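One line per chain: the protein sequences are B and Z, in this order.
Residue numbers for the first sequence follow the working numbering, so the first one is 1 and each next one is one higher.
Residue numbers for the second sequence follow the working numbering, so the first one is 1 and each next one is one higher.
Because the hints were derived from the structure by calculation, they are not lab data.
Here the structure is a predicted model, which is why all the values come from computation and not from measurement.
Just so it is clear, CB atoms sit at the ideal spot from N, CA and C, and this is done for glycine as well.
Hints are supplied without guarantee of correctness; some may be wrong.
Stated by the list, open to error - Here are a few chain B residues that face chain Z, going by a calculated C-beta distance under 7 Å:
1. Asp7
2. Leu9
3. Gly37
4. Thr63
5. Lys64
6. Tyr96
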Amino acid sequence: MSENVPDHLQYTAEHEWVDGSSPATVGITRHAADALGELVYVELPEVGTEVTAGSVCGELESTKSVSEIFAPVTGRVVETNQAVVEDPSLVNSDPYGAGWLLKVEITTPGALISAEEYAALVQA
Amino acid sequence: MSATTSSTAAGETEQLRRTPLDAEHRALGATMTGFAGWSMPLRYTSDVAEHQAVRSAAGLFDLSHMGQIRVTGPDAGRGLDRALVGNISGLAVGRARYTMICAPDGGVVDDLVVYRTGDEEFLVVANASNATTVTAELQQRCSGATSESGAWVEAGAEARAAAVDEPAGPVDTTTALVAVQGPAAAAILTAVVVDADRDDVAGLRYYACTPARVAVDGGTVEALVARTGYTGEDGFELYCAADDAVALWRSLLAAGEPHGLVPAGLACRDSLRLEAGMPLYGNELDRTTTPYDAGVGRVVRLDKTDDDGSPLPFVGREALEARAHSEPARVLVGLEGLGRRAARHGYAVLAPRGATVGHVTSGAPSPTLGHPVALAYVTPEVSAPGTELAVDVRGRAEPVRVVPLPFYRRAT
Numbered sequence: 001m002s003e004n005v006p007d008h009l010q011y012t013a014e015h016e017w018v019d020g021s022s023p024a025t026v027g028i029t030r031h032a033a034d035a036l037g038e039l040v041y042v043e044l045p046e047v048g049t050e051v052t053a054g055s056v057c058g059e060l061e062s063t064k065s066v067s068e069i070f071a072p073v074t075g076r077v078v079e080t081n082q083a084v085v086e087d088p089s090l091v092n093s094d095p096y097g098a099g100w101l102l103k104v105e106i107t108t109p110g111a112l113i114s115a116e117e118y119a120a121l122v123q124a
Numbered sequence: 001m002s003a004t005t006s007s008t009a010a011g012e013t014e015q016l017r018r019t020p021l022d023a024e025h026r027a028l029g030a031t032m033t034g035f036a037g038w039s040m041p042l043r044y045t046s047d048v049a050e051h052q053a054v055r056s057a058a059g060l061f062d063l064s065h066m067g068q069i070r071v072t073g074p075d076a077g078r079g080l081d082r083a084l085v086g087n088i089s090g091l092a093v094g095r096a097r098y099t100m101i102c103a104p105d106g107g108v109v110d111d112l113v114v115y116r117t118g119d120e121e122f123l124v125v126a127n128a129s130n131a132t133t134v135t136a137e138l139q140q141r142c143s144g145a146t147s148e149s150g151a152w153v154e155a156g157a158e159a160r161a162a163a164v165d166e167p168a169g170p171v172d173t174t175t176a177l178v179a180v181q182g183p184a185a186a187a188i189l190t191a192v193v194v195d196a197d198r199d200d201v202a203g204l205r206y207y208a209c210t211p212a213r214v215a216v217d218g219g220t221v222e223a224l225v226a227r228t229g230y231t232g233e234d235g236f237e238l239y240c241a242a243d244d245a246v247a248l249w250r251s252l253l254a255a256g257e258p259h260g261l262v263p264a265g266l267a268c269r270d271s272l273r274l275e276a277g278m279p280l281y282g283n284e285l286d287r288t289t290t291p292y293d294a295g296v297g298r299v300v301r302l303d304k305t306d307d308d309g310s311p312l313p314f315v316g317r318e319a320l321e322a323r324a325h326s327e328p329a330r331v332l333v334g335l336e337g338l339g340r341r342a343a344r345h346g347y348a349v350l351a352p353r354g355a356t357v358g359h360v361t362s363g364a365p366s367p368t369l370g371h372p373v374a375l376a377y378v379t380p381e382v383s384a385p386g387t388e389l390a391v392d393v394r395g396r397a398e399p400v401r402v403v404p405l406p407f408y409r410r411a412t
């Protein structure tokens, strides 16, 4: 679609993205990062945590608001991005790159939508 | 991801009013938000960068959504004495006062800044969300009990409600307000004021105001320049006609750029006022709160008298007099977060054993201090600075400590 909604990723209606690698990398979308404003605090689950698609697994906080991170897939967290814990603004500056959040070994994929569907969702 | 708290959710669907600077904000790439029925800039680039620019250099704010209400006439000062809790007739021309309008039961209807712009002329500035209510109350309270030479109340930003002058065209107000706030504000403003008015502006005291002409592209515009603000920094607020707002805004933006001035949105305005410990209507102040509860009982002037020296009656006097002499049920305090997760509006304040002892009214990670801060109403026995409490932050008790207000005070 565009650099705001990369084609090669899958999305959730709650504004997370998942790539197709194994383990899968998870982050939040540009749309979500822009809506939140500059992040000042990121809380991620511990490595080894079993997360369930659709349930809360962390939180993102900006000066104006706080949002929960919903796991887009079910599986085990095998890595978390300590760089964004140190410098949460990475999520704002590069949400699809250096601002990734988690790597998850997927046991069950969640209800994901395509780039096209996600782009239509945030346009509305 | 889904936002659980946000101040930006309101007004997405209703028809929002636009300030005279609406096109400027959009051209600057601002993220716009609905606020009290207006479409306002939330941020231009980053909340934190705008916040820090105001603390270290300067920020330029559009506050044209604020209600501007003009009260004029021989009895204007006395009318405001009866309508508001402060001593307004005692204000000298060219001075301003922070005051409140209360209901008969002492609850706060709004907090206000009143400027005396002439012997028989006052400018009352109300919160956008309360502008219609305050205009109606002033019309009733100031005009009602006076003689034929009484007070006249007319509104600028609330022209529709007051039906004084229906504005035409794409802009929904006849008045504008821009603020230059930050340590570089005085240098920026004196650079754009015309030579003849420069000394008046440079020498303006805190909570004083003066008419001044500002050089803009193609001429000058008239503004009422006041040394007031809501950020905890030195700064100025400039009241002008809606038609002059774009020229004034552009002039200030250009003059400020070499000083590090940036346009600043409502997001940083909120974090700046919170660090400065200033109450926000709807959070710390509302109809169920008296000025005493909010720690600003000093604005209530029970000592104001009529011409014959008898106590001057004003709306809310009896209730406030009783409240002044009784023990408070709750106290507004500052909380410093000892962890990293910020307390937010509405969260419960907990005693060490877990009992609820109050509620958070405002909270955010403080960009200047680097840790979370919050304002909260708590019971008096846990209100002393140094008291260790906790806040229920979405199910987890986060440790906080009561600290004196303000959280941030600029070096003088």
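Structure-based check of all given hints:
1. A cut of 7 Å between beta carbons decides the hint on Asp7(B): the least distance to chain Z is about 21 Å, and the hint is violated.
2. Residue-level restraint check for Leu9(B) is violated (minimum Cβ-Cβ distance to chain Z is 15 Å; threshold 7 Å).
3. A hinted interface residue such as Gly37(B) counts as satisfied when its beta carbon comes closer than 7 Å to some beta carbon of chain Z; here the least separation is about 5 Å, so the hint holds.
4. Taking 7 Å as the C-beta cut-off, the interface hint given for Thr63(B) holds, the closest approach to chain Z being about 5 Å.
5. The closest approach between the C-beta of Lys64(B) and any C-beta of chain Z is roughly 5 Å, which is under the 7 Å cut-off, so the hint is satisfied.
6. Because the smallest distance between the Cβ of Tyr96(B) and any Cβ of chain Z comes to about 14 Å, over 7 Å, the interface hint for this residue is violated.
The structure fails to meet hints 1, 2, 6 from the earlier list, while all remaining hints are met.
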